[in-house]
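If you're matching them up, the sequences are chains R and P in order. Quick note: the first sequence uses the numbering used here, first residue 1, plus one each step. Quick note: the second sequence uses the numbering used here, first residue 1, plus one each step.
These are computed hints drawn from the structure, not numbers from a lab. Small disclaimer: the values here were computed from a predicted structure and weren't measured. Heads up, some of the hints might be wrong.
Stretch by stretch, here's where chain P covers chain R in the computed footprint (C-beta under 8 Å, at least three residues) [claimed, not checked]:
id	segment
1	308-319
2	420-434
3	646-653
4	679-691
5	741-754
Below, in silico cross-link-like pairs of lysine to aspartate or glutamate (EDC-like), each with a Cα-Cα straight-line distance of 16 Å or less [as the list claims (entries may be wrong)]:
id	chain 1	residue 1	chain 2	residue 2
6	P	K88	R	E756
7	R	K907	P	E483
8	P	K502	R	D925
9	P	K30	R	D925
10	R	K757	P	E483
11	R	K648	P	D31
Think of the CB as a built atom: it goes at the ideal place given N, C-alpha and C, for glycine as much as any other residue.
One-letter residues, chain by chain:
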Amino acid sequence: MKQLYLRCVSILLFCLVAATTYAQTRVTGKVTDQSGQPLPGVSVTEKGTKNGTSTDANGSFAISVAQGGVLTFKSVGLLPKEVSIGTSTTLNVNMEEDQQALTEVVVTALGVKREAKSLGYSVQKVGGDDLVKGNAPTLSTGLMGKVAGLNVSQSNGIEGGSQRVVIRGNTSISGNNQPLYVVDGMPLDNSQVSSKDNDINSVASYKDWGTVMNFLNPEDIEDVTVLKGPTAAALYGARGGNGVILITTKKGKMKEGLGIDYSYTARSNDPYRYQEMQNTYGYGGAIGLYSAVKTLPKDADGVERYPAADIWSNSGLTGDNERYHSHGPIPGGLNSWGAFSWYGTGASWGAKMDGRMIRWWDGTMRPYSPQPDNLSSYYRTGNTQSHNVSISGANEIGSLRVSYSRQDNKAIVNNSEFANNTLNFGGNIKVSKKVNAEVTGSYINYNRLNSPTIGNADDSWGKFSTYGMSRDYQNIEQFLYINPDGSKHKLDNSNYPMSYPYGGYGREMYWKLYQENTYFNHDQLLGTAKISGDLTDWLSFMGRASANFGADEMEKKFKPIDVAGLDGKYGHELYKTTDRNLEFLLTAHKDNLLGSKFNTSFSVGGSSWATNYRAIQGWNDGPFSIPFQYFLGNINKPLVNASDIQPKEQRSRQKINSVFGIANISYDNFLFLELTGRNDWSSTLPSATNSYFYPAASLSYVFTEHLKLGNMKNWLDYGKFRIAYAGSASGTDPYMTTYVYDSGLFGGLPSRAVQEKLLPLDLLKPQRSKSYEGGVDLSFLKNRLGLTFTYYKVNSTSQIIDMGLAPSSGFGAARTNVGELENKGYEFTLRGTVIKKDDFSWDLTLNGAHNQNKLLNLMEGINEYNLNDIFGNNGVRMKVKVGENYGTIYGTDYIYKDGQRLVEKVKDVNGNVVGTRYVVNAASDQVPIGNAVPKLTGGLSTTFRYKNFSLYGLADFKWGGDIWSGSYSTAMGNGLAPATLLERDGGGLPYTYPDGTKANHGVILDGVFADGTKNTDVVNYMWKYAGVYAAWSDINMPRSAAILENSWIKLRELRLTYQVPKQILQKSKFVQNLSLSVIGRDLFYIYTSLPDRLNPEAINGIGNAQGIEFGAMPGVRSFGFSVNVSF
Amino acid sequence: MKKIFYTALSVMLIFSSCKKGFEETNRPWKDATTADLNTLYNGVVKSLVLTWNEQSVGNSWIYPITQQAAVVGTTGYRMDAASSDIWKDYYRTLSNFRKMDKMIAESADQSKMGNIQAMLKVLRAYKTFKLTDIFGDIPYFEAGKAADGNAYYRVKFDSQKAIYESLLDDLKSAEAALSTSGGQVSLGAYETFLNNDIAKWKKFANSLRLRYAIRMYDVNKTGAQSHIREAMALPLLAEGEDIGIWPAKVGLTLEGREWAHSGAKYRMGTTAWNLISSNNNPDGSGIFDQRAKIFFETNVSGKWVPREQNPIASSVNDGGDPYNRSNRDANWDNKGATNAYSNVNYYLGRDMNTIPELMITAAEVNFLKAEVYARGMDGNAANMVSAKTEYESGIRKSVNFWTKIAMDAPLWIVNKPTALPTAAELSWISTNPKVAFPVGASEAVATKLIYAQLWLDNFRQPYEAWALLRRTQATPMETVNAEYYTANFAIYKRLDYEQNEKVYNAENVSIATNGVNAQTWLATKVWWAK
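With these hints in hand, go ahead and build the complete structure from the sequences.
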């Protein structure tokens, strides 16, 4: 041992002596990026030697090199540079960003930074700048169209609402298919904000208060890395089975000047794209069938008056005048809803709006004239403004960034707004030479007033637009709803003896809008502390502790409708979420293992994650005891049940502990193998099965570094093949493993009943998935052209699902491990620099993805699973069936005989034929009528740079996939759609009305009767529209008629930026950087397959049933500008 | 390297010890993890309360089918809403019966649980008869057992005949087993149905046995006769022992009833009117049956105007709003300006706390006995004298019962009777030609009268009236424009199977229905139907 020591020392001494014998030059300098910013941490080595150093926080370095030597500058994300040392002792080096993936560094699972070329799976990074380029309202919308295979869809609603984010399609039959978000190491689910009696999973009706990700400020994000599929996410467990979105927040950087950045963005949000409607005919249902010229009823004094809703509305329209009711009897005596179902008061089969003066329902004389703008009368132009100020700095000891952001939104609907304050902190400090500590934290304070009701609800303007509002509608309710004394002005017969004509649909709209207020408050503290460093030159460590604390509060103040202030309601709800995550990772690495070309690295780590959610919801249904005071105890009535005053409670707790190992082995810098294994213990599974292991492996082969490609090298810069496999497993929701009973009270005593959900007879096991992917990354023509392509296949098995059972089994569902869902698809990005000149460049990036989900099997004997529905059997439903693709829409359809639609005669009570109707299958036997899954999704972005100007545009697209459009269906059934004018305007067949008048108003429904004879009956046009599309009741309509292909291309983001030249700024002495931008967002659809300007992005909800639309809000476009300045 | 190994090992140990808290973390925080016989039994009694859609569909569909009332419009309620409620409620309860059977079988006190077992048998029989009468063949013998394994996830349908025979035997054995002797485990206060009144339990079991044996008599005479004979000889429900859910006794508010009523569009039809009034005078001067003013009320103009059971040319639209709670509570006369026809009495639906949901009345027992005597169904010769006695007793009990209902309902204010009718006031029972039982009545005449009065007594049990109609085809029917009834209502012979049953037990449903479509199946008679 001693000998060895002496030998070493003598070798070292020899080296030192030898080194000093060469002529050495001391070189100092500074490394900067293209914009002149100093670059810390760049490795500076003397080529061919081990002599090296790295730049400090100011980008400065000093090194002694042999005369005539060459210095190599390398840093991840930058193109390496070699500079020969002449005689100069000062060397300032400017390094260019590496535009391609050659040496790009990406953050992978657990926050480990890796060179992209070494990865055997697909990840994609979006820089913070790209995220905010189009002034996207949220992180998720900022990702739209930017990542291949990442589908971001907005739910029907307004800014502040939720987005559905899915990577590579659905992997869970029944559960959440959205990715896991990891913010600086803290895993977060993008769950929606809860509120009492608000079913956020409904596709029919809901209020959307947004999701957790809505509250993060995109301006504070350094970059977002999308780990696609379970291969990339293997180390997050199956919580990452739907992919992981890794979010890294900004940290301090060395900056010139004061290090203060400020940006201001203002955006005006314009609801502009309304469903196209006819503007010729007004109010009326049955009246459309009586006479060629539609008339209006007359009052006793002979003055024409507005019609009314139902014959029991006490409208004063009796006897023969009942036909003027929207739901009056049809000729022959049938009730109109007996012929056309409950179609709502929007029906506009009535008189021509020719401007004549009539007595309106409020008693005032008004012109009966077209109201082309009545759909928009509910909306206003909204706006969003944000200020962001940050201070950032760095030195040898560490770095720090503190920022504050304020965002204010005025919604496009009245009496709704939100404000978001974010205080963000990011810093690191060199604790010692080898140990680095990093702390990030955000405090978020978000306040929102009101979120509109979406979909099928009586205070939903979207529904009212087609179901409740006739085309002659004049929005006078907005002025009438309240009395001067502040009490509710009831739109009932006592105030309006002619009766209110829009039933229950419009009556409460404005009182609810202005006087039933919900105040939402969200406070969140999110933080991570991390310590990392090197224990020895081959052993490094990382430890990280993260916590998220969120508190939501909802206050619902329903103003008393009476003057005395007693007839009010009040709700108060509190929600509390606590998440914590602890992680450590120990890595041993050795390059050139035993002198070979193998580089190796082995890591072991562990994590412990816990979440705890609690909620209390209280509701005071009134009447109040103290006027106008809003608190839960303010109730003045004898309580019938204890449950009337008991607050509701929710809780959810779970923990996952894990250990994992990672092995990275590379050979000669062209072949990279990664092996990982992870074992989880989940609190949500029975103790016998709650420990589960899953492995993953990936291989990357950079063939351009290995093969001698000869002339190919002239045009092929870089090429890589990759393959990967990953297993994944997960637990389930809490509280599913213990048998419980339904409890109640009867006769004053407790009652119990066997729970409707049956637990599995054997133990619940973890859900599993296996995924395979392969791909290629190529770069051509000196990085002017790049292509990546990935094919993947994911099989998800043993899913924990509540499988529907036949009720005769005694249970409604059996919770069990069943099913296999297969996902296959591909995704690609194509990137090109069309022009690259010093002061002009043009870049294009196209990405696209195709995914197919197929249900391979479920439980023996059971082959379908319901996802969601609207109007139950009478409407449409989405379900998955074995052998079918996910996303199938079911509903009633035409019945065919010899290839022709079957029709039947509709008869009145006396057996007289009054119309023709299509025969459809029974509502209980719904059949597939469409599929919502698109064929291809993606985005095309382009950037032009000319001198100090840059123009950026992003178009995203969705190709293929159907929706059932309730808005279309209702507009057709109610005679609102422009198409319904055809016959009414004389384009039909000759037809004689019951009163003997004639007009070309007839139609023949194309089809045959049950006996095979061709239908030649000419009937009123209403049978073609109201008889096919109208609504829902015991009259079955072919829902397939409103299945529409929904393909679109949209100009999502447009931004023109002017960078004020440095020369000008320098004169100011303190402004370091200034850029001005104008921004357009959601500008228009370049193409849409939907008719009548229907909103292609108005799918209800962000659940798994993504093919149902009803009550669409209008399309909104935004124009804005932003100023970014650095001091 | 050793260091790493030990670090990893100690970390793993830490994690495996962390797992210890998991069970506590995942323990349900609000739900009951245990149940005993008492609470489960109470849950079964709770399931006797009618489901909401059962009532709304009754009001919009079953009343016009039975002609107990007429409708002036459609409500949009679909018959399958009732299918769903009734079907699911039954099988959810059946799984509770199975659970309790198992708990009793595993109990050390099994031998002392004869009464509990008998009570469960009787309640199960009642619920099962009700279900099979509405749907026909149903899964029964293997149903409700999914907790025993996935072999019971999709079970076969059993024939109505087999179910009837089995249940009648159950009623027989239960009646025999019920015992007042000591040593029986008691449910105590949890026996919320008949409060441990063993004698009443026996009468209830016997009366049910009589009802259902009679129901299958025409299709299974040999099977029925011995049950009828035995039941006739045993104690049956007597006046004041009407069985049902009496909300006041169990502190219940029947919101579903009020809800189902508020959306109803039923009116007094000519069929019922013809049975309770001697003429069509709108002032009600022809009314002889006191129940007329309990079951029905006048139109908005205070007139007695029956709705044509089958609308004719002179029928008018009735846009009245007689079940609007806020209007009527404030002003009883506010029935809607266009309320043209007499309404089904507002109070019957509005009352949520006193009027019972009936299962079987003492009056019905009289009518059942009357039929047995009139037809000699117990094997003895027909006895019209006894039939007449039972018949008249049944009417008297029914009138008294319904009068008392109105008297006891605190909400009932307008036209509230103040005392039970006197003998003189009830003389119409034996004198009015529409009601009087002729001394030498033929079987056809006698049964027609009996069925009519049972049909009327069943006024708030429309599904029972429907069973009577389907069994006999001899309940009161309007003959004017009868084609209308044939086309719109006569087609319904049963409810269609529940949607999820069709989806998740498709094969067995298909076997049960021979694969016919829903429309055809609805028009297919159940086993005992005429």
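Outcome of the hint check:
With 6 residues bearing a CB less than 8 Å from a CB of chain P, the segment 308-319 of chain R meets the requirement of three and the coverage assertion stands. For the segment 420-434 of chain R, the assignment as covered by chain P is violated, since 0 residues bring a beta-carbon within under 8 Å of that chain's beta-carbons and 3 are needed. Only when three residues or more bring their CB closer than 8 Å to a CB of chain P does the claim for the segment 646-653 of chain R stand; here the count is 3, and the claim holds. Against chain P, the segment 679-691 of chain R contributes 7 residues with a C-beta closer than 8 Å to a partner C-beta. That satisfies the three-residue criterion, and the hint holds.
With 13 residues bearing a CB less than 8 Å from a CB of chain P, the segment 741-754 of chain R meets the requirement of three and the coverage assertion stands. Only pairs whose Cα atoms come within 16 Å are accepted, and P:K88 paired with R:E756 is accepted, the gap being roughly 10 Å. Between R:K907 and P:E483 the CA atoms are separated by roughly 13 Å; this keeps the pair inside 16 Å, and the hint holds. With a C-alpha separation of about 9 Å, the suggested pair P:K502 and R:D925 falls inside the 16 Å cut-off, and the hint holds.
With a C-alpha separation of about 38 Å, the suggested pairing of P:K30 with R:D925 is violated against the 16 Å cut-off. At roughly 47 Å between alpha-carbon atoms, R:K757 and P:E483 are farther apart than 16 Å, so this suggested pair is violated. Restraint check for R:K648 and P:D31: the C-alpha separation of about 14 Å stays at or below 16 Å, so the hint holds.
Checked against the numbered hints listed earlier, the structure breaks hints 2, 9 and 10; every other hint is satisfied.
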